[in-house]
Structure formats: C-alpha cells, structure tokens
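Student: The hints should help you fit chain B onto chain A, whose structure is shown.
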Amino acid sequence: MEATPLASSGRSIVGRPLLARLPDRILKYGLSALSALILVLIVYFFFRLIGQARPAFEKEGVLGFVFGNNWDVGAEHFGALPLLVGTLITSGVALLIGVPVAVAAAVYVTELCPLRLRGGLTVLIELLAAVPSVVYGLWGIFFLAPKLQPAEQWLADRLSFIPFVGGGLVTIPNYFVAGLVLATMILPIVSAISREVMATVPPDHKEAALALGATRWEMIRMAVLPYCRSGIVGGAMLGLGRAIGEAIAVAIVIGDAPKLGHQLFAQGYSLAAAIVNEFGEAQGVHRSALFAAGLVLFVLTLIVNAIARLLVARAARTGGGRGGVENAAAGGQVIGGAAAGA
Amino acid sequence: MSPSSASNERLARFAVSPARKRRDLLARGGVIVGTALAVMPLLLIVYYLLRKGLGVWSVSFFTTDPTGNTFFGASSIGGIKSAILGTIEIVALASAISIPVGIGVAVWLVEYGRGSVFASAVRFFVDVLTGVPSILFGLFVYIVLIVGTGSTYAGWKGAVALSLLMLPIVIRSAEVILLLVPGALRESALALGAPRWRVIFSIVLPTALPGLVTGVLLAIARAAGETAPLLFTAAATLHTSFNLSGFMNSLPVQIYKDVTSPTTAVVNRAWGAALTLVVMILLLNLIARLIARRSRLA
Numbered sequence: 000m001e002a003t004p005l006a007s008s009g010r011s012i013v014g015r016p017l018l019a020r021l022p023d024r025i026l027k028y029g030l031s032a033l034s035a036l037i038l039v040l041i042v043y044f045f046f047r048l049i050g051q052a053r054p055a056f057e058k059e060g061v062l063g064f065v066f067g068n069n070w071d072v073g074a075e076h077f078g079a080l081p082l083l084v085g086t087l088i089t090s091g092v093a094l095l096i097g098v099p100v101a102v103a104a105a106v107y108v109t110e111l112c113p114l115r116l117r118g119g120l121t122v123l124i125e126l127l128a129a130v131p132s133v134v135y136g137l138w139g140i141f142f143l144a145p146k147l148q149p150a151e152q153w154l155a156d157r158l159s160f161i162p163f164v165g166g167g168l169v170t171i172p173n174y175f176v177a178g179l180v181l182a183t184m185i186l187p188i189v190s191a192i193s194r195e196v197m198a199t200v201p202p203d204h205k206e207a208a209l210a211l212g213a214t215r216w217e218m219i220r221m222a223v224l225p226y227c228r229s230g231i232v233g234g235a236m237l238g239l240g241r242a243i244g245e246a247i248a249v250a251i252v253i254g255d256a257p258k259l260g261h262q263l264f265a266q267g268y269s270l271a272a273a274i275v276n277e278f279g280e281a282q283g284v285h286r287s288a289l290f291a292a293g294l295v296l297f298v299l300t301l302i303v304n305a306i307a308r309l310l311v312a313r314a315a316r317t318g319g320g321r322g323g324v325e326n327a328a329a330g331g332q333v334i335g336g337a338a339a340g341a
Numbered sequence: 000m001s002p003s004s005a006s007n008e009r010l011a012r013f014a015v016s017p018a019r020k021r022r023d024l025l026a027r028g029g030v031i032v033g034t035a036l037a038v039m040p041l042l043l044i045v046y047y048l049l050r051k052g053l054g055v056w057s058v059s060f061f062t063t064d065p066t067g068n069t070f071f072g073a074s075s076i077g078g079i080k081s082a083i084l085g086t087i088e089i090v091a092l093a094s095a096i097s098i099p100v101g102i103g104v105a106v107w108l109v110e111y112g113r114g115s116v117f118a119s120a121v122r123f124f125v126d127v128l129t130g131v132p133s134i135l136f137g138l139f140v141y142i143v144l145i146v147g148t149g150s151t152y153a154g155w156k157g158a159v160a161l162s163l164l165m166l167p168i169v170i171r172s173a174e175v176i177l178l179l180v181p182g183a184l185r186e187s188a189l190a191l192g193a194p195r196w197r198v199i200f201s202i203v204l205p206t207a208l209p210g211l212v213t214g215v216l217l218a219i220a221r222a223a224g225e226t227a228p229l230l231f232t233a234a235a236t237l238h239t240s241f242n243l244s245g246f247m248n249s250l251p252v253q254i255y256k257d258v259t260s261p262t263t264a265v266v267n268r269a270w271g272a273a274l275t276l277v278v279m280i281l282l283l284n285l286i287a288r289l290i291a292r293r294s295r296l297a
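Note that the protein sequences, when read in sequence, are chains A and B.
The opening position of the first sequence corresponds to residue 0 in numbering that gives the first Met the number 0, with each subsequent residue numbered one higher.
The opening position of the second sequence corresponds to residue 0 in numbering that gives the first Met the number 0, with each subsequent residue numbered one higher.
Same shape as in the complex, but just chain A (with noise of 0.2 Å):
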C-alpha cells in the first residue's frame, strides 16, 4: 500500500492558517517581552540608583564614602564606614549564631529525629520566616534586649580583657542584640536549604558509613556534612544576604549611633538602618549620601548572593538532583513553601 503524502488535500494538515497562528505569536512574544522587562528593570534602577548617589559621591570621592569614618549629618560629613562596619558585625554575629543552630536543627530533623516529629519540627521552623521584620523588632527591642541586657553586662565584665566583647556599659539596644535577632531571621532559610541539601544524600554513603560500625554522629560527620558543604556554605551566604539587607527589625534595635564600632554591647548603625532612620528629613546631599550607602548595599548583596547561588548550584549538581536544590534555594525564600508543596 503506498503511504498517502499528508498535504495531499492541499491544506497542510500541520500547519494552520496565518490567523489561527496569531493569539500563538501574541502570547509567546508578549511573554518575552514580559520577562525582558525584569532584566530591563533591574539594570535601569541599578543606573537611576547611581543617578541619585553621585552628588555624594562628588563630594567625598567614591572610596571617600565607603572607607570614610565620619557620618555628620550636621557637618554634612558622610563617610559610610561606620555604617558598613555596622553592617557587618551584625551581620557577622547573626551568621556565627544563626548557622550552626540552623544546621544542627536540620542534621536532627533529616537524620535523627523520629518520623513523627519531622513535619512539625519543619512547619515550625519555616513559620519563623513568615514573621514580619518590624514585628522581630518589635519583640527584639521590648522583650530580647531588656531580658538580656543583664546577661551581656556580667559577659562584659567577666570577659574584659578581650578588646571587643568585653568592658564597656552595656545600653539595650546594641549590636549583639541586633545580630541575635538577624540569626532568628535567617534560621529558616539556613535551615531549609541544609535540609534540602542532606536530602540528597545517597543512602548508599550513609548505610555504608553504619556498615563500617560508625556511630550516628560519625556518620553524619564523615558521610553527611562533607557531602553537603557547599550547600549548606551557600545557604549560609543566601542568609548573609538577608542579614546584610535587613533595615526595619535592626534599625529598632541597634540604637542610631553613627560611630565606628569598637563594643559589641554598644549602640550601632548600619547600612540600612540609617537609610530607615534619616531618609524622611533628608535633604540634598545628605538625601544622596542615603542613596550611596542604598547602592553599596545593593552591590554588596548583589556579591554575595551570586557567590550564595553558585554555590547551591553547584551543591545541586554533585547531588545528582534535577535542580531540587536550586529550587529549594528559592523555595526557601518564598517561606520554605515550595519545599513544604515538593
């Protein structure tokens, strides 16, 4: 039997006339239109940005701004470092105690806790990201900083021989408690990215880890956490980037002192606070100089989430997953919520 051609009835039976072709063509090229606009977006707001911080830029030099420690509001004086240093001690101290909980609360949750207890132990801990910034200042200032205020004193004055923690009054609001709220906020998205990392654990590397007459936490020590390093390091670094980027529940609680940092139960600044604080009565340059210190913060978050994705990434493809790490990445931002759904 000899095989009919298909376009033998002189209408092509797969093409299809022009006009039932055109809401295809509509829809695919207003899509891309749609998802240029985002990159379109971002670079127009990275150059409107500089736009608005180059008054302030002209007038201390742009290393004069980020490495000048002297920020004057009356004096018109504004050198960021204060600022950036602030940034980074609270930052710092919400990593130092953020991430070894966050970790452990995953290494028990994916490897030691009982089945029943794994879902509401997760739910739990994910609900911490749904909190509101404002309302974590809210607790950390009124609740956080007056119960522990007596607590940091006796640390100061028993460690007063170490330069930075000890000696010194301690005031309510201060670094430490600002970083101690920063670690809250970012337990969960630690957390869930970790977890999300030891899922991907090849059995095999654990039951031979058990086989060998490991103990659990040798098991977990040499099959588990080597595996997932790089994961959990760019969890880590993702939450880096939350804590660098928070202004609201630090500006209540770090206390508006525009010096450099020299105590760590002293009142601070940081980058995004000042920016909360100053931006409604700012005027000309000093109104510039809070856009300046808002781009710095934009490079250094733009920094270190790339670095944070790259590595995720990477930890997805050694894993051998379809992406699942990737996407837990942005599961994790949007509240652990596509990691709950998966």
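Don't read these hints as lab results, they were simulated from the structure.
Values in this document were obtained by computation on a predicted structure and should not be read as measured data.
Treat the hints loosely; a few may be bogus.
What the hints assert, rightly or not - Below, a list of computed lysine to aspartate or glutamate pairs in the DMTMM-like style, where the Cα atoms sit at most 20 Å apart:
1. B:20 to A:206
2. A:205 to A:277
3. B:256 to A:277
4. B:20 to A:217
5. A:205 to A:217
6. B:256 to A:255
Tutor: Leaving out everything else, chain B in the frame of chain A:
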C-alpha cells in the same frame, strides 16, 4: 579459656569504645539543643504577642482610626482600622500587578524559553531580584515614581514597590510548579491538534492551579508584612482612605511608627497591631500549606 568467653572477646573488638559512645551522645545532645534553640524563638514570639496583644484587642480597636492624640492615655489614641484597610488595599493592588506578570514570566520560562540562554539570563535576574533587600525596592519606587514625577507619596506607589518584591517569589514558585506538570499532558493536547496557547490555558495552568495558588498566597503573606518598601512610598496617615492615589496607612508602617513612641499606650497599640498582622499572615500561610497538601502535583 572457655569457648564462650573467647567469642565474647571477639565481639568486644567490634563494640563501640566508651569514648566514641560518649562523643556520639554528646553530639546528639548538641544537635537536640540546637533544634530546641531553633524552635524557641517562634514560640517565644507567639507567646509574647498573645500576652501583650490580646489585652489591647477590642471592638473599637478594629473599628476606629488612630488619632495621633497621645495625651489622654489608651482611650484617646484610637485603633488600627485605617492600617488594616490600607494594608488590604495596597496588597490587593500589588497582587493584581505581580500575579499576572509573575505567572506570565514563569509560563514563558517553562513553555517557551526552556533551555535558551535568554531564559537562564532571566532566571538569574529573577534570583537577583529575590536577593535585593526590600528597602531598596522602596528607594527604587521613590526615585522613579516620586522624584521622577515630581509628586508625593501615594498608596499605589507603595503597591508597586510591594509588587516588585512579590514578583520573584511568584515567578520562582510558579516555575517550580509548572515544571511538575507532566510533559505527557502537553504532548497529548498538542497531538490532538490544540494550539500552544490552548495547551497553556486549558491544560497546563488548570493542572498547576493549586500549586500556583500556594505560591501566590505565600508571596502575599510576605508582602503584607513588609514595612521598608512602604515607608517612603505610601507614607503613613491616620485616616481611612480608599483613594489609592493619596497617602495610605498600613499595618507594618503603623507598628513601626508606634514602636518608637515614648507613650506606653501607643506601644501597646503596636502589640495589638502586630498580633493582628501575624494572625493574618499565619492564616495565609496555613491556607497555602493546606492547598499545597491537596495538590495532585508533587
């Protein structure tokens, strides 16, 4: 030496030494303490919110506007009506902008752009957007819509700032869900002669709907709690407003203003408002999770 003790000795060589056992217990203990520390903040926050906030709740708390009058104690400072309504209006407009755009971009990423260089560039920039601190969205909208137009704060400008914040969340969660729609469904529809747009609207989107709703609800929950983008875009005002081109109050901004007040009654109003906000957001989260659990995908 009796045979049984010999075999015991051989077994003992395989037993875990006391030192290793101790280390194992210690490490497990540490991990459990860490987990307890991770769970504690949420419980503490919720407990303290309930203790401080419930006492402030009353009918008039929800039905009156804040007055700005702080001299005559709790009876004169008013409630948070304008803040609740303002938050609902602003977030509704922000959703109206970001949901269609976000799902559109996600559809493009999954259905048209899959594998292309342009698509990975878009995905990268969306991830960049995810990492941008929320206060920068406020600054951006301030530069473009307030400095750029020479006008002042307005509710809709706050909504634009929030929609920028929601966009990456909507896109990424929608993308994850759309990727889960089985390819066989698309192929069957195409094989039956359906054009691409009908496949998307009649097959892909309805299949993914519960998952999409989950992502959207989580994005809304996130946006509803944001203060920083609204501070310099929608401003704060006392009265209830249904005019999105005027100043507009919102719950987070109201709380932020109240926290810094020296008056106890005003700070208490912040606790009541914070409890209201957290209850709203937790409810959204709960609904989102329930829908996610019932979804047939994943």
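Student: Among all the numbered hints in the text so far, which are the ones the structure does not match?
Tutor: 2
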